[in-house]
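Each chain, written out:
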Amino acid sequence: MDSPSFDIEHVKHVIEAALLTASEPLQLADLKKLFDDELDNDALQEALTEVAQACEGRSIELVNVASGWRFRTRPEYQRFLDRMNPQKPPRYSRAVLETLAIVAYKQPVTRGDIEDIRGVVVSTNLIKALEARGWIDVVGNREVPGRPELFATTRQFLDDLNLKALTDLPPLDDLGQLIETVAPGARVGGEFGAEAGDEALSADGEETGIDAPADIAPETGPTLN
Amino acid sequence: MDSPSFDIEHVKHVIEAALLTASEPLQLADLKKLFDDELDNDALQEALTEVAQACEGRSIELVNVASGWRFRTRPEYQRFLDRMNPQKPPRYSRAVLETLAIVAYKQPVTRGDIEDIRGVVVSTNLIKALEARGWIDVVGNREVPGRPELFATTRQFLDDLNLKALTDLPPLDDLGQLIETVAPGARVGGEFGAEAGDEALSADGEETGIDAPADIAPETGPTLN
Amino acid sequence: MTTEIAAPIARYRGEPVLQLPLDLYIPPDALEVFLDTFEGPLDLLLYLIRKHNLDVLDIPMARLTAQYLEYVEVMRRKSLELAAEYLVMAAVLIEIKSRMLLPRPPSVAPDEEDPRAELVRRLLVYEQMKLAAHRLDELPQVGRDFMLVQVWIDKEADLALPSVNAEDLHQAWLWLLQRASVNKHHRVTRDQLSVREHMTMVLRRLQEVSFLEFTQLFSQEDGVPKLVVTLLAILELARESMIEVTQQEPYAPIYVKLTHGLSVV
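These protein sequence lines are chains E, U and D, in that order.
Each step along the first sequence adds one to the number in this note's numbering, with nothing skipped, and position 15 is 15.
Each step along the second sequence adds one to the number in this note's numbering, with nothing skipped, and position 29 is 1029.
Each step along the third sequence adds one to the number in this note's numbering, with nothing skipped, and position 81 is 2081.
No lab work stands behind these hints, which were simulated from the structure alone.
Careful: at least some of the hints might be erroneous.
What the hints assert, rightly or not - In the BS3-like style, the derived pairs of lysine-lysine whose C-alpha atoms are separated by at most 25 Å in a straight line are:
hint, chain 1, residue 1, chain 2, residue 2
1, U, LYS1164, D, LYS2226
2, E, LYS88, U, LYS1033
3, U, LYS1012, E, LYS88
4, U, LYS1032, U, LYS1012
5, E, LYS12, E, LYS32
6, E, LYS88, U, LYS1032
Pulled out of the complex, with its shape left as it was, chain E reads as follows:
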């Protein structure tokens, strides 16, 4: 706003106070409520940028995550903070992490989908632990017999990993690349020659559907193997 009384220093201080005390990330709409005069997005954005810049070289930084803006400590200070406070969130087992990865990358998924991909039964406790952590929740039911619940990751999951959107997750290896993992020289040809008959498969995997990720995308619904 071009109101003559617009004082960017004041706006910065108020915004900073709000962000430092908030228990959750704040969105632009929340920040606007701090001021009587209507503040436009540009002015707010400018103030946020300046607040962020003022943190340069300090131990905290202003970040924009899925639910909004918030301050956090820079990871390089964690080792000092750990000395004072030995309490850390649990380091999850592979079972939990694999389940989380499947929900994150294939959402929405049912427990059955997760079991199909992992090839083992997924315990209720495991799902509950991720729900209790606030990282996954039920977003609906799949319309098949039994109407199984569909799980997806939450905004808090993104917030807790300091991400703005699911697209910020590390990209998946594509299946083609996983196939290539074997060095070309390392083929075991000879010994298993007898069985290695069907070159067709390795030559053009496309026909077998191995190279067609569409097959395994969540859209395929309950047929997802």
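We have chain E; now place chains U and D onto it with these hints.
Here is chains U and D on its own, set in the frame of chain E:
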């Protein structure tokens, strides 16, 4: 400290990170734990003074209250923060939740029992806060030197958590499976030669550990564990 | 193979492999641990494939099946608890293997799938998720790799009390387990909780009166389970020196009181 490597800027940044993230005021003794090298009180005090000075003109200030140092918003910013208000209920710190969980699941317990399980000192304030809330109270004393008080959860605790009996609390049997208990390096499932040995050891340790819970739950004998 | 013995046929973890291991040797002591290392049959199969540098698109089924079955057999001999999934996978492998042994007519329809295709697809999808899980775990995480900033607001009127639910306690216990690595030690089951609850109840009753006759702690309306739990609670309290149980002479009434008879707290 006249150590030549003493870097006041670094000390200030670390202290600031600790104070900005602590849920309770910090004492000099707490702050000292942040650093490997012994830091003397003068150096700490100097750093604190400089951190406090750096806040001049900003919306927060560093204050020394009865239980230690903490940042707080300057009162003149309160009216702005009130506008944003959607007062989300505060959350208890992890220390409070863990203490409450121990009293709930292991009652009756002394403060010493809680400290043994948590591995850290339990502050009087924390116990008092739970008593003030009416969730725990003293139900007796253990007949050991010092006659420590025995804490248990109250009827109100059950009411407030909407439980009929303690047995309605979530069972904890297989929670152990959810967390990482092996060395992080073992997760890729690649090589198991060297690591397998270690794990075998810990597997053994676990079994024998069941008979010797003394180090974690001192007065509670084998029969109840 | 034209390769001479000296030339490594593969590199595994940087080590040259001169000869394919003939079998998967599992030290007997490590077996149980070995089983725990895997998240299931897919994980085990992937391990076997990657360890032997097998071509995923051209899996030698006879070899893989033999190794897998050998492994499953050892587990059974050791009477280890073998998850059903492992047996199901054994059946799948055998079925694929036998289908591959069937002669194929030269005029085989082009759309006929390689019997291994479905297994390969599952293995790759699983491997993809396994790697993703690993990377997910490496992302900085709140509370573990960075902290959130929370500055105090000095405000007296703020009386909103934090709320807690049962799941919070569940989560708190997970934190405890993690830190203390006490996983197996703190087995708290419903039964034990019930004893603990009755210990508290007995202590509360003894606070109201200085002592009670043993029998007064029991009520006839209580069912057997409750009577037993109450007795266990009293025994445990006595063992932990929280109460005293006394009897002047045989057959005399038994009295229960707080140790030191203190009802004042």
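Hint check:
1. Distance check on the hinted pair: LYS1164(U) and LYS2226(D) sit about 16 Å apart at the alpha-carbon level, within 25 Å; holds.
2. The suggested pairing of LYS88(E) with LYS1033(U) holds, with an alpha-carbon distance near 16 Å, which does not exceed 25 Å.
3. Restraint check: the Cα-Cα separation between LYS1012(U) and LYS88(E) comes to about 24 Å, which is no more than 25 Å; the hinted pair holds.
4. As the CA atoms of LYS1032(U) and LYS1012(U) are separated by approximately 12 Å, the hinted pair is consistent with the 25 Å bound.
5. Distance check on the hinted pair: LYS12(E) and LYS32(E) sit about 12 Å apart at the alpha-carbon level, within 25 Å; holds.
6. Using a Cα cut-off of 25 Å, the hinted pair LYS88(E) and LYS1032(U) holds, with the two alpha carbons roughly 20 Å apart.
Violated hints are absent here; each numbered hint is respected by the structure.
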